[in-house]
Amino acid sequence: MTTAKDNYVLDLENNRRGYALNRMFGSFRHAENRDEFAADEAAYCDHYGLTSEQKKVVLQRDWIGMLDLGASIFYSFKLATMDRKSMQYLGGVFTGMTAEQFAEALQAGGRKFG
Amino acid sequence: MTTAKDNYVLDLENNRRGYALNRMFGSFRHAENRDEFAADEAAYCDHYGLTSEQKKVVLQRDWIGMLDLGASIFYSFKLATMDRKSMQYLGGVFTGMTAEQFAEALQAGGRKFG
Amino acid sequence: MAEVIWGLATSHVPSIGAAMDNHKTGDPYWKPLFDGYAPAREWMAGHKPDVAVVVYNDHANAVGLDLVPTFGIGTAEAYDVADEGWGQRPVPRVTGAPELSAHLVRELMDDSFDIATFNQLDVDHGLTVPLSVYCPDPGDAWPCAVVPVLVNVIQYPQPTAARCFALGQGLGRAIRSFPQDIKVAVFGTGGMSHQLAGARAGLINTEFDRMFLQAIETEPAKLAALTREDYIRQAGTEGIELIMWLVMRGALSENIRRIHDTYHVPASNTAAALALFEDLGTVSR
Amino acid sequence: MAEVIWGLATSHVPSIGAAMDNHKTGDPYWKPLFDGYAPAREWMAGHKPDVAVVVYNDHANAVGLDLVPTFGIGTAEAYDVADEGWGQRPVPRVTGAPELSAHLVRELMDDSFDIATFNQLDVDHGLTVPLSVYCPDPGDAWPCAVVPVLVNVIQYPQPTAARCFALGQGLGRAIRSFPQDIKVAVFGTGGMSHQLAGARAGLINTEFDRMFLQAIETEPAKLAALTREDYIRQAGTEGIELIMWLVMRGALSENIRRIHDTYHVPASNTAAALALFEDLGTVSR
Ligand SMILES: [Fe+3]
Ligand SMILES: [Fe+3]
Chain A
1 MTTAKDNYVL DLENNRRGYA LNRMFGSFRH AENRDEFAAD EAAYCDHYGL
51 TSEQKKVVLQ RDWIGMLDLG ASIFYSFKLA TMDRKSMQYL GGVFTGMTAE
101 QFAEALQAGG RKFG
Chain B
1001 MTTAKDNYVL DLENNRRGYA LNRMFGSFRH AENRDEFAAD EAAYCDHYGL
1051 TSEQKKVVLQ RDWIGMLDLG ASIFYSFKLA TMDRKSMQYL GGVFTGMTAE
1101 QFAEALQAGG RKFG
Chain C
2001 MAEVIWGLAT SHVPSIGAAM DNHKTGDPYW KPLFDGYAPA REWMAGHKPD
2051 VAVVVYNDHA NAVGLDLVPT FGIGTAEAYD VADEGWGQRP VPRVTGAPEL
2101 SAHLVRELMD DSFDIATFNQ LDVDHGLTVP LSVYCPDPGD AWPCAVVPVL
2151 VNVIQYPQPT AARCFALGQG LGRAIRSFPQ DIKVAVFGTG GMSHQLAGAR
2201 AGLINTEFDR MFLQAIETEP AKLAALTRED YIRQAGTEGI ELIMWLVMRG
2251 ALSENIRRIH DTYHVPASNT AAALALFEDL GTVSR
Chain D
3001 MAEVIWGLAT SHVPSIGAAM DNHKTGDPYW KPLFDGYAPA REWMAGHKPD
3051 VAVVVYNDHA NAVGLDLVPT FGIGTAEAYD VADEGWGQRP VPRVTGAPEL
3101 SAHLVRELMD DSFDIATFNQ LDVDHGLTVP LSVYCPDPGD AWPCAVVPVL
3151 VNVIQYPQPT AARCFALGQG LGRAIRSFPQ DIKVAVFGTG GMSHQLAGAR
3201 AGLINTEFDR MFLQAIETEP AKLAALTRED YIRQAGTEGI ELIMWLVMRG
3251 ALSENIRRIH DTYHVPASNT AAALALFEDL GTVSR
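Chains as they are written, first to last, in my numbering: chain A, 1 to 114; chain B, 1001 to 1114; chain C, 2001 to 2285; chain D, 3001 to 3285.
Rather than coming from a laboratory, the hints here were simulated on the basis of the structure. Yeah, the Cβ is synthetic: ideal placement off N, Cα and C, and Gly gets one too. Where hints are given, some of them may not hold.
[Said to hold, decoys possible] Pairs of lysine to aspartate or glutamate, EDC-like flavour, derived with a Cα cap of 16 Å:
id: 1; chain 1: B; residue 1: Lys-1005; chain 2: B; residue 2: Asp-1068
id: 2; chain 1: A; residue 1: Lys-112; chain 2: C; residue 2: Glu-2207
id: 3; chain 1: C; residue 1: Lys-2183; chain 2: C; residue 2: Asp-2050
id: 4; chain 1: B; residue 1: Lys-1112; chain 2: D; residue 2: Glu-3278
id: 5; chain 1: C; residue 1: Lys-2222; chain 2: C; residue 2: Glu-2254
id: 6; chain 1: D; residue 1: Lys-3048; chain 2: D; residue 2: Glu-3278
[Unchecked claim] Covered by chain B, per the in silico footprint, the following chain D stretches (three or more residues, Cβ under 8 Å):
id: 7; segment: 3052-3065
id: 8; segment: 3152-3165
id: 9; segment: 3196-3203
id: 10; segment: 3263-3273
In isolation and in its complexed conformation, chain A is listed as follows:
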């Protein structure tokens, strides 16, 4: 598992790199697409033209890897929602905590930097 960068900013270059990935996540707005993805995740990734790297991080639920390959958190969160994972769970993944630890850190006033 790689370490997350401090910040992920969806600039135009990342938008290009992550284009297929975010387009696929965006398709999950529609219930029938969610069902189709669930039925055969790999085929669905291929249909949306993901690179093999992008496909791998999706299938493995490597949430940091997705960001590194251009995913926007607002888009990859749609995959998390299908998996019934919360934003706190993802926060834990990004910061090396459990969802509970992460939620507690917020409850305690949030994480401080700088």
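Given the coordinates of chain A, assemble chains B, C and D with the ligands onto it according to the supplied hints.
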């Protein structure tokens, strides 16, 4: 047949009025939609939620009526293209000429106003 | 002529809407936040606008990444509530104010703002949660019509804070030149500090938020001078949503009065706040 | 640093592209138009840019009526040629210049232009016909990369002519601040007078066109002062496309030289013209 207004400007109000109409014409970008329209024009109009007035002018190829109900010429021209009608033909309809007369008026330097 | 009667700044966290929809506002986790809203809600209930101009951003629900406009205005007669993956929120459809929308678009275009028009739009939590903050129990219909004003905050480069403040000033002028005697409220939504992704996920910067919450009233030009990078560093990659508060602030006159504010950590991953300002108008009355 | 080497104003009538695609440029109907292009084409062939910034509008092919941005910039690595209902034009795919695009977007946003980004875009005759006017026989690939700049001219309110001229000036500054030594040409497309629909269909206003063709060089500010209504009344509902020439003109320096122009009536329903200007730069050389 009604007389055309001097100018048709697609303002926001006309965009709203013509929304279903222009959305249907826009769908003709895709060949399979053109085929589906050709197979049953009335059903296709209903599917796109045209009002009965809008449906009538489409089925009757009342090109002025379409404009009066909010069509943009760039959109209704897609229907004309399917019918193999030229922009000169439409120009004739709008001005009470044949396509040939209209093309001749252009050839002679265009129509002058004001 | 139309007048701007108040401006509301509020976070638009989806879980705030979910807490209301699932009747959890009395739970220990949520009670402090909603208690903080109470005085503002009471005042607003006594000062009802005809139209709410709601400045917000879409979150991957109605705006894709193929075409990303910087500023947009909804021009429709009605807006459906988006399905964000867990079904539509159980709130009323949003009624538009298309004549006011068309007036605002025209005036802002003539005032050198390059506005995209959303002639069809499903509105997500960014717009519906603020409406619920204003009006928790709408019943069958929201108590006012709505003009959505969309700002890109997701794709970099976002508009600068200065440009957002300028847009607000143009919006205020445009509203006040609308030739109908209606009362308008302006909502600036999003924030406060939060970051969803990356090693800094969970960031909360209370000092920055407290400064912002004060300065939005007294020193908006100071906030408008901050760069994109300032907002991201200090308030987090999603805290940059705060630039939308500046649109609201710009639309108010110089003559405002703070009715109420509240600040609470956390609402999910976010520092949530509300600040309500009455607009006393450009002339005394 | 990048430099703007020339600006081309040209009509983008679909039938001009079709005449080339169908080898009819020698027909009596078309020969006068293409003969008029010849000196400009010859000069441009000796002054090849690395990138063409093409200011154009889409015609119901890639931009719908749901979301209508005022100004947009393509940011993609490549752009497919749109199928406008009679199949794709037999011309090469368009190669983008994404680094320049990103630079232009960033600079223009910081310069108070509210730019929509087209991260995915099929380009229609509005862009490909001007490329064909520049380069009639591209073979397998166009001779330069392209940055599409899109302007809404179909939905009212269009941006004002003054705003288009200002955008051009910002665009010129942004191009000249790009830190790579590349040569850039700017295309302003559309026009001249024409009207497709309504009782005034077939309108051609030669006096207005001739005035415009001169003033675009010497008095652009005069053209920028005309209102939307002026353009529609004088040049026709579609003649308002001429505001896109002002974007090109704004991007050039004050120090320009007219290489060639030509004017011909009709190309289908349109008065077609071309005007080519060398940019001699802001300093003498
Ligand atoms: Fe948000
Ligand atoms: Fe055009």
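Here's how the hints hold up against the structure:
1. Lys-1005(B) x Asp-1068(B): Holds - the C-alpha atoms of Asp-1068(B) and Lys-1005(B) are around 8 Å apart, at most 16 Å.
2. Lys-112(A) x Glu-2207(C): holds (10 Å)
3. Lys-2183(C) x Asp-2050(C): holds (5 Å)
4. Lys-1112(B) x Glu-3278(D): violated (34 Å)
5. Lys-2222(C) x Glu-2254(C): holds (15 Å)
6. Lys-3048(D) x Glu-3278(D): The given pair, whose Cα atoms are some 12 Å apart, holds under the 16 Å limit.
7. 3052-3065: With 5 residues close enough to chain B, the hint holds.
8. 3152-3165: Holds: 4 residues of the segment 3152-3165 of chain D have a Cβ under 8 Å from chain B.
9. 3196-3203: Our answer is that it holds, as 8 residues pass the Cβ test (under 8 Å) against chain B, meeting three.
10. 3263-3273: It holds, with 5 qualifying residues against the three required.
Checked against the numbered hints above, the structure breaks only hint 4 and satisfies the rest.
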